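First to last, the sequence lines map onto chains A and B.
Counting in the working numbering, the first sequence runs from 1 upward without gaps.
Counting in the working numbering, the second sequence runs from 1 upward without gaps.
None of these hints come from the bench; they were simulated from the model.
Any given hint could be a false lead.
Stated by the list, open to error - Once the Cα atoms are required to be at most 27 Å apart in a straight line, the calculated DSSO-like pairs of lysine-lysine come out as:
| # | chain 1 | residue 1 | chain 2 | residue 2 |
| --- | --- | --- | --- | --- |
| 1 | A | Lys128 | A | Lys187 |
| 2 | B | Lys180 | A | Lys242 |
| 3 | B | Lys147 | B | Lys19 |
| 4 | A | Lys95 | A | Lys10 |
| 5 | B | Lys165 | B | Lys19 |
| 6 | B | Lys19 | B | Lys148 |
| 7 | A | Lys242 | B | Lys128 |
| 8 | B | Lys147 | B | Lys165 |
| 9 | B | Lys165 | B | Lys144 |
| 10 | A | Lys242 | B | Lys222 |
| 11 | B | Lys129 | A | Lys242 |
| 12 | A | Lys242 | A | Lys11 |
To be verified - Facing chain A, according to a computed beta carbon distance under 7 Å, are these residues of chain B, among others:
| # | residue |
| --- | --- |
| 13 | Arg62 |
| 14 | Ala75 |
| 15 | Arg86 |
To be verified - Label pairs and their calculated CB-CB ranges:
| # | chain 1 | residue 1 | chain 2 | residue 2 | range |
| --- | --- | --- | --- | --- | --- |
| 16 | A | Gln73 | B | Ser136 | 56 to 62 Å |
| 17 | A | Gln209 | B | Lys144 | 28 to 34 Å |
| 18 | A | Ala179 | B | Asp61 | 35 to 41 Å |
| 19 | A | Asp216 | B | Glu140 | 23 to 29 Å |
| 20 | B | Tyr18 | A | Gln209 | 28 to 34 Å |
| 21 | A | Leu241 | B | Tyr18 | 24 to 30 Å |
Please read these numbers as outputs of a predicted model, since none were measured by experiment.
Virtual Cβ for every residue (Gly too), placed ideally from N, Cα, C.
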Amino acid sequence: MASNVKFAVKKVDFYYGNFKALDQIDMEIAQRQATALIGPSGCGKSTFLRCLNRMNDLIPGTRVEGEILLDGQNIYDSDIDVVNLRRRVGMVFQKPNPFPKTIFENVAYGLRVNGFKNKAALRESVEKSLLKAALWDEVKDRLNNSALGLSGGQQQRLCIARALAVEPDVLLMDEPASALDPIATQKIEDLIHELKNNYTIVIVTHNMQQAARVSDITAFFYMGRVVETGETEALFTRPGLKQTEDYITGRFG
Amino acid sequence: MERQNFHRELENLRLTLYKMAALTRQSFEKATQAYLDRDDDLAQVVIDGDREVNRIELEIDRQSLRLLALEQPMARDLRMIVGIMRISNDLERIADQSVNIAERTIFLCQHPPLEPVAAMGHLIDISKKMFNMAISSMREMDAKEAKKIPPLDDYADEYNMQVLKSLIEVMAASSPGFEKRVLKMRRSIQTIIISRCLERIADLSTNIGEHVAFIAEGVNIKHQQKL
């Protein structure tokens with residue numbers, strides 16, 4: 001396995017009951033790069049994203065076959081601590097979902113759950129996370145205000161700060177900007193550019209221009225399969241397969 | 001998700017380019033015909049027709065920029081628009097070279113013909129052939145056909161050199177009377193300029209072939225020997 005591979009996905013099938021949503025997915029996800037998953041609705045891209053930190057385990061009647069190795073270890077092995085897995089592989093959702101708590105407590109939440117008690121260290125860590133999420137300057141004077149008073153874009157960056165606070169290796173993003181206005185979207189995209197220097201990012205997006213702007217690698221999903229994976233620039237200027245070309249040029253979908 | 005409106009507009013852009021190519025072909029053919037037949041009326045038709053080619057070039061620029069800005073095209077569509085902008089630029093320059101040939105022809109028509117230079121006929125044939133290959137490969141988006149054009153450029157260069165050499169000999173040959181010698185030199189120089197225009201048209205046809213290969217395959221075949 002090449003040393004820069006974060007996830008090695010091997011022959012993964014995924015079922016919702018009898019419905020096979022993913023079919024023989026083989027893919028490597030490079031560390032400290034942004035990988036975008038694109039494809040029409042229902043193609044399996046979000047299902048695949050949720051496989052990467054076993055979020056699908058929470059849905060009854062689902063089943064995974066194959067292997068997903070994170071730094072060489074199969075995350076579906078029986079001895080894997082799923083809570084620890086999700087600490088290492090954080091997630092940001094489509095709709096910002098801050099807790100009905102203060103800004104500070106939102107970011108501190110994961111740390112407290114993980115037994116972090118030292119107040120000064122906690123404060124330092126919250127500040128660091130908010131800085132990394134490019135939100136610190138906007139909230140530093142009102143850390144004790146409710147997170148629900150923030151704008152949608154700020155809430156989403158707060159959720160990113162919350163995910164970063166527990167020091168993950170990987171950040172999964174499921175349509176992180178689709179509920180945001182263009183300026184807030186721009187901030188999230190700039191943030192992704194920053195974060196990929198230190199984190200492995202996997203982003204699902206319906207917005208192809210967004211995939212083109214933020215990612216290094218793009219994978220095109222269609223009907224539960226990976227049709228084509230490649231460097232983003234090549235995929236959007238000179239895709240290898242006609243099916244990819246037809247999708248990204250809007251000739252089907 | 002299907003982008004029907006965008007693809008209709010892209011098709012319109014292609015049709016506009018075809019129209020420009022057809023007008024440029026007419027210009028070029030009439031210019032060479034006027035030169036060969038010493039027909040100054042036909043040469044004037046070429047000069048008068050250039051405004052329409054220029055107008056279409058601006059129209060293509062406008063349509064292309066609009067689609068790039070508003071539609072954010074991807075992959076083949078993106079290459080198509082960028083390629084069309086480049087091709088229309090080269091077509092416009094071919095039309096300009098045709099005007100240049102027509103202007104020299106009008107001068108030559110006012111004076112007795114020079115003795116014929118065989119290489120000039122060959123140069124007209126090869127530049128026409130290259131231009132026609134460029135246009136047909138563009139219509140069919142046929143990269144294979146397009147890639148056959150660049151190797152022909154060496155012939156065009158060679159014939160241009162032969163014309164130059166022949167006309168230097170014509171100019172060097174002594175003839176009686178100062179006035180006659182000056183006129184012979186002027187006619188020779190005008191003919192050399194026409195030869196140069198034809199050689200440029202061959203170059204520009206090569207460029208169009210390269211743009212077609214870029215659109216069809218996404219591969220840049222420009223400057224391959226030089227880099």
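Evaluated hints:
1. Lys128/A with Lys187/A: Distance ~18 Å between Lys128/A and Lys187/A Cα, so the pair holds.
2. Lys180/B with Lys242/A: With a Cα-Cα distance of about 66 Å, the restraint between Lys180/B and Lys242/A is violated, given a limit of 27 Å.
3. Lys147/B with Lys19/B: Given that 27 Å is the threshold and the Cα spacing comes to 23 Å, the pair holds.
4. Lys95/A with Lys10/A: 30 Å, violated
5. Lys165/B with Lys19/B: Violated, at roughly 38 Å.
6. Lys19/B with Lys148/B: 24 Å, holds
7. Lys242/A with Lys128/B: 35 Å, violated
8. Lys147/B with Lys165/B: 30 Å, violated
9. Lys165/B with Lys144/B: Between Lys165/B and Lys144/B the Cα gap is close to 35 Å, so the pair fails against 27 Å, i.e. violated.
10. Lys242/A with Lys222/B: Distance of about 25 Å is within 27 Å: holds.
11. Lys129/B with Lys242/A: 33 Å, violated
12. Lys242/A with Lys11/A: 24 Å, holds
13. Arg62: 22 Å, violated
14. Ala75: Status holds, d = 5 Å.
15. Arg86: 15 Å, violated
16. Gln73/A with Ser136/B: 56 to 62 Å: 59 Å, holds
17. Gln209/A with Lys144/B: 28 to 34 Å: 33 Å Cβ-Cβ, so the 28 to 34 Å window holds.
18. Ala179/A with Asp61/B: 35 to 41 Å: Holds: the Cβ-Cβ distance is about 38 Å, inside 35 to 41 Å.
19. Asp216/A with Glu140/B: 23 to 29 Å: Since the Cβ atoms of Asp216/A and Glu140/B sit about 36 Å apart, the hinted range of 23 to 29 Å is violated.
20. Tyr18/B with Gln209/A: 28 to 34 Å: 30 Å, holds
21. Leu241/A with Tyr18/B: 24 to 30 Å: 29 Å, holds
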